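As you go down the protein sequences, you meet chains A and B in turn.
Quick note on numbering: my numbering labels position 196 of the first sequence as 717, and the sequence is numbered without any gaps.
Quick note on numbering: my numbering labels position 9 of the second sequence as 14, and the sequence is numbered without any gaps.
Simulated from the structure, these hints should not be mistaken for laboratory data.
Everything numeric in this text was worked out from a predicted model, so none of it was measured.
Just to be clear, a hint being listed does not mean it is correct.
[Said to hold, decoys possible] Computed spacing ranges between beta-carbons, pair by pair:
1) B:VAL245 / A:ALA579: 20 to 28 Å
2) B:ASP189 / A:GLU913: 25 to 33 Å
3) B:PRO144 / A:ALA538: 37 to 45 Å
4) B:ASP189 / A:ARG711: 35 to 43 Å
5) A:SER752 / B:GLU243: 30 to 38 Å
6) A:ALA579 / B:ALA114: 45 to 53 Å
7) A:ARG769 / B:PRO144: 55 to 63 Å
8) B:GLU243 / A:ARG712: 46 to 54 Å
9) A:MET522 / B:ASP223: 33 to 41 Å
10) B:ALA175 / A:SER680: 40 to 48 Å
11) A:ALA576 / B:VAL245: 46 to 54 Å
[Unchecked claim] Counterexamples of contact, computed for chain B against chain A with all Cβ distances above 12 Å:
12) SER22
13) ARG26
14) GLU42
15) GLY44
16) HIS54
17) GLU78
18) SER92
19) PHE139
20) ARG168
21) VAL218
[To be verified] To give a feel for the contact side, a few chain B residues facing chain A, derived at Cβ under 10 Å:
22) TRP23
23) LEU27
24) GLN178
25) LEU180
Quick reminder that beta carbons are idealized off the backbone N, C-alpha and C, glycines included.
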Amino acid sequence: MTEAAALLRARLARALADRERVAAFDHRVWSIRDKRLAAAARHPHWEALRRAAQAIKAHALDHLDSYLEQFAARAEAAGAVVHFAATGAAANRIVLELCRAERASLVAKSKSMTTEECGLNEFLEAGGLEVVDTDLGERIVQLFREAPSHIVAPAIHRSRGEIAALFARCFGPGQEVRADSIGALVEAARRAMRPQFLAAEVGITGANFAVAETGGIVVVENEGNSLLTTSVPSLHIAVVGIEKIVPRLADLGVFLALLARSATGQRITSYTTHYAGPQRREDAERGIRERRLHIVLLDNGRSRVLGERHHRRALACIRCGACLNVCPVYRRSLGHAYGWVYPGPIGSVLAPAMRGAAGSALAQASTLCGACTEACPVGIDLHEQLIARRTESRAARTPLAVRLAAALARRPRLARFLLKRLRRRPALNRRLFRAWLAPAAGVPTRLIPALPRESFAEWWQRRTRRNGR
Amino acid sequence: MGEASQESEQRPAGGPSWRPRLVTLFVPCYVDQLRPEAGIAALELLEAHGFEVDVRLGAICCGQPFANAGYAEASRATSEHWLQAMSGAECVAVLASSCAVHLQRESRARPPRGADRGAPEPPVLELMAFLARFAGAAPAGRWPRTVCLHSSCHGLRESDADRSARALLARVQDLRVVRAERADECCGFGGGFSVEFPELSVRMGHDRLREIVLTGADEVVATDVSCLLHLEGIARAEGVRLEFRHVSELLRDALREAESPRASAAQPLERAPAGAARR
Numbered sequence: 522m523t524e525a526a527a528l529l530r531a532r533l534a535r536a537l538a539d540r541e542r543v544a545a546f547d548h549r550v551w552s553i554r555d556k557r558l559a560a561a562a563r564h565p566h567w568e569a570l571r572r573a574a575q576a577i578k579a580h581a582l583d584h585l586d587s588y589l590e591q592f593a594a595r596a597e598a599a600g601a602v603v604h605f606a607a608t609g610a611a612a613n614r615i616v617l618e619l620c621r622a623e624r625a626s627l628v629a630k631s632k633s634m635t636t637e638e639c640g641l642n643e644f645l646e647a648g649g650l651e652v653v654d655t656d657l658g659e660r661i662v663q664l665f666r667e668a669p670s671h672i673v674a675p676a677i678h679r680s681r682g683e684i685a686a687l688f689a690r691c692f693g694p695g696q697e698v699r700a701d702s703i704g705a706l707v708e709a710a711r712r713a714m715r716p717q718f719l720a721a722e723v724g725i726t727g728a729n730f731a732v733a734e735t736g737g738i739v740v741v742e743n744e745g746n747s748l749l750t751t752s753v754p755s756l757h758i759a760v761v762g763i764e765k766i767v768p769r770l771a772d773l774g775v776f777l778a779l780l781a782r783s784a785t786g787q788r789i790t791s792y793t794t795h796y797a798g799p800q801r802r803e804d805a806e807r808g809i810r811e812r813r814l815h816i817v818l819l820d821n822g823r824s825r826v827l828g829e830r831h832h833r834r835a836l837a838c839i840r841c842g843a844c845l846n847v848c849p850v851y852r853r854s855l856g857h858a859y860g861w862v863y864p865g866p867i868g869s870v871l872a873p874a875m876r877g878a879a880g881s882a883l884a885q886a887s888t889l890c891g892a893c894t895e896a897c898p899v900g901i902d903l904h905e906q907l908i909a910r911r912t913e914s915r916a917a918r919t920p921l922a923v924r925l926a927a928a929l930a931r932r933p934r935l936a937r938f939l940l941k942r943l944r945r946r947p948a949l950n951r952r953l954f955r956a957w958l959a960p961a962a963g964v965p966t967r968l969i970p971a972l973p974r975e976s977f978a979e980w981w982q983r984r985t986r987r988n989g990r
Numbered sequence: 006m007g008e009a010s011q012e013s014e015q016r017p018a019g020g021p022s023w024r025p026r027l028v029t030l031f032v033p034c035y036v037d038q039l040r041p042e043a044g045i046a047a048l049e050l051l052e053a054h055g056f057e058v059d060v061r062l063g064a065i066c067c068g069q070p071f072a073n074a075g076y077a078e079a080s081r082a083t084s085e086h087w088l089q090a091m092s093g094a095e096c097v098a099v100l101a102s103s104c105a106v107h108l109q110r111e112s113r114a115r116p117p118r119g120a121d122r123g124a125p126e127p128p129v130l131e132l133m134a135f136l137a138r139f140a141g142a143a144p145a146g147r148w149p150r151t152v153c154l155h156s157s158c159h160g161l162r163e164s165d166a167d168r169s170a171r172a173l174l175a176r177v178q179d180l181r182v183v184r185a186e187r188a189d190e191c192c193g194f195g196g197g198f199s200v201e202f203p204e205l206s207v208r209m210g211h212d213r214l215r216e217i218v219l220t221g222a223d224e225v226v227a228t229d230v231s232c233l234l235h236l237e238g239i240a241r242a243e244g245v246r247l248e249f250r251h252v253s254e255l256l257r258d259a260l261r262e263a264e265s266p267r268a269s270a271a272q273p274l275e276r277a278p279a280g281a282a283r284r
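Starting from the given sequences, assemble the full structure and let the hints guide the process.
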């Protein structure tokens, strides 16, 4: 076991120690899975939709270079300014410079895993800006000073009571925050956030899709915070991963239907906003306000994934979170145990290309049950890709123990001879099986199988002799 | 043993009327060593359904553990050895869906062999899929108990094993088959995973076990002994009294029960004092 894998095991074990929180987390995440299944079952052409999405994404990724050029040209023709950022750090610098040029002090942000991936909040704060996440879940984890635990539901690891206590602490003594009502919690956040929306000089969003044909970007959301984020400040910056490209506007008919159902079980999200160039809106007092839209197209390891034969299709991911919701490991990890922004199966597939060697251990944390592959709306063979990641992470030289085991696997007589002797030595067995006994406060929680006197092969040989064959 | 029979000329076995006479049963390494009862039951079940059964001791491992751990070369060499050992067999029935899925994949990935290059490769079927196909209409006996069929992931998502086992169990008289909540959730074994992440592996198994206990089943059956050994280890540690058996053990006993009721109680094999075992 590598050092990185040992660290991962320790983080996962630490999460498990919080039994009640894990049980609640598992229950909440599982309920999203049920909603997805119900929504998919109600769609008359679900499988056809999945196949179409897979084909569109495969085509878009095969021609990503030309679609990116097309997108950039059409976005600029519509009045946006397009930047290319090779790394998260480069994207952060571009955004900070734009904010400084705007003389901004307060930035409103809507939900964006892409900026989480870059660590944009911390970077802007270090640059002297105040950043307010306006998605409720994102705002909660921001106030807790922690990372999202789920790519769709960032605060799903927190209980209602914890959130009420947080709001009471952060929103001041004047706020009445009742834990027994989600409505009251939302209202408290809304009241606290409203002035910040109005004061923000810059609004930052991600994008769910970037349409090459129109040069427009599309943001789906349920809370309306993204709309406010982009309609009050005069500068809108969208940080968009390059894999978000779809060729045509019509393709959205496939992807919007898949995304809402897969992510939350909705037929469609409350708001689907198309931004084709900067918004122009008349302001009664100040005449026509100039508005600007800057789009930062982010690579940050994506082109590396594109170059990996086995993993290219992982870029088709639409970040719906379906693979997280079905993953028995993720549901017991509290999200954070993976140690990076994209947890669960898709994160473990992307990590080695986007994070380097440190991300390689993540692929170990899977039973290869295949639930992720079954759930993925865009047909990514996630558990096969996890096996491929394991293969890639192995050193060129196979360890001696594995070579010995493989040699024995091809010498059945010798293997059975040795195993027969091993079965007679309970103490040695206990030592060999020790790793199987999970220490929970020093108490084994899984016992090793009782060992039979006679193996199946020995029984068969005895029977064959008896029958005189 | 293992001479290619007349019927083997009709391979690859696609024809609707094809029915193998001689079945080569493959009992994977861990079943061979840790749960021989499952192998014996599989063999007796096949014989009870009128098949002649052969075992080839020239193969012990399918290679899947190496593949899943990321050792592709060790896997390929092991699978190649296995395919060699089974060369010329009429049909191979595998007593584990995960091994069967791996072997089917390896068999497909292998370059096709010309007629001049030895016997063609035998079809490889998981045991339950084999029985459902070739003995699915035969009488299935009687077993007056309540049983929970645990779905193994390979049996459920990557092969017909689970569906086949369910169909075979449905034909057993007086048998009540119950489903646990979250029936498609992994038990947490996962081969190397159970060693590298034992805390997580045990927790997943504990959660599965809780759902299974809630069904009120007398026994748990599965198409994969690996899930069963893992779940049984947790049940024993937690003092949960449940019987864990391969589906073929139940099916064999159901046939015997129908022949001569009560005479069937399968005698457990004599066991060495288990390492950390306690009851």
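Verification of the supplied hints:
| no. | hint | result |
| --- | --- | --- |
| 1 | B:VAL245 / A:ALA579: 20 to 28 Å | 48 Å, violated |
| 2 | B:ASP189 / A:GLU913: 25 to 33 Å | 29 Å, holds |
| 3 | B:PRO144 / A:ALA538: 37 to 45 Å | 52 Å, violated |
| 4 | B:ASP189 / A:ARG711: 35 to 43 Å | 39 Å, holds |
| 5 | A:SER752 / B:GLU243: 30 to 38 Å | 57 Å, violated |
| 6 | A:ALA579 / B:ALA114: 45 to 53 Å | 22 Å, violated |
| 7 | A:ARG769 / B:PRO144: 55 to 63 Å | 59 Å, holds |
| 8 | B:GLU243 / A:ARG712: 46 to 54 Å | 49 Å, holds |
| 9 | A:MET522 / B:ASP223: 33 to 41 Å | 39 Å, holds |
| 10 | B:ALA175 / A:SER680: 40 to 48 Å | 43 Å, holds |
| 11 | A:ALA576 / B:VAL245: 46 to 54 Å | 48 Å, holds |
| 12 | SER22 | 30 Å, holds |
| 13 | ARG26 | 17 Å, holds |
| 14 | GLU42 | 8 Å, violated |
| 15 | GLY44 | 4 Å, violated |
| 16 | HIS54 | 18 Å, holds |
| 17 | GLU78 | 7 Å, violated |
| 18 | SER92 | 15 Å, holds |
| 19 | PHE139 | 22 Å, holds |
| 20 | ARG168 | 15 Å, holds |
| 21 | VAL218 | 16 Å, holds |
| 22 | TRP23 | 26 Å, violated |
| 23 | LEU27 | 13 Å, violated |
| 24 | GLN178 | 29 Å, violated |
| 25 | LEU180 | 26 Å, violated |
Hints 1, 3, 5, 6, 14, 15, 17, 22, 23, 24 and 25, counting from the list given before, are not met by this structure.
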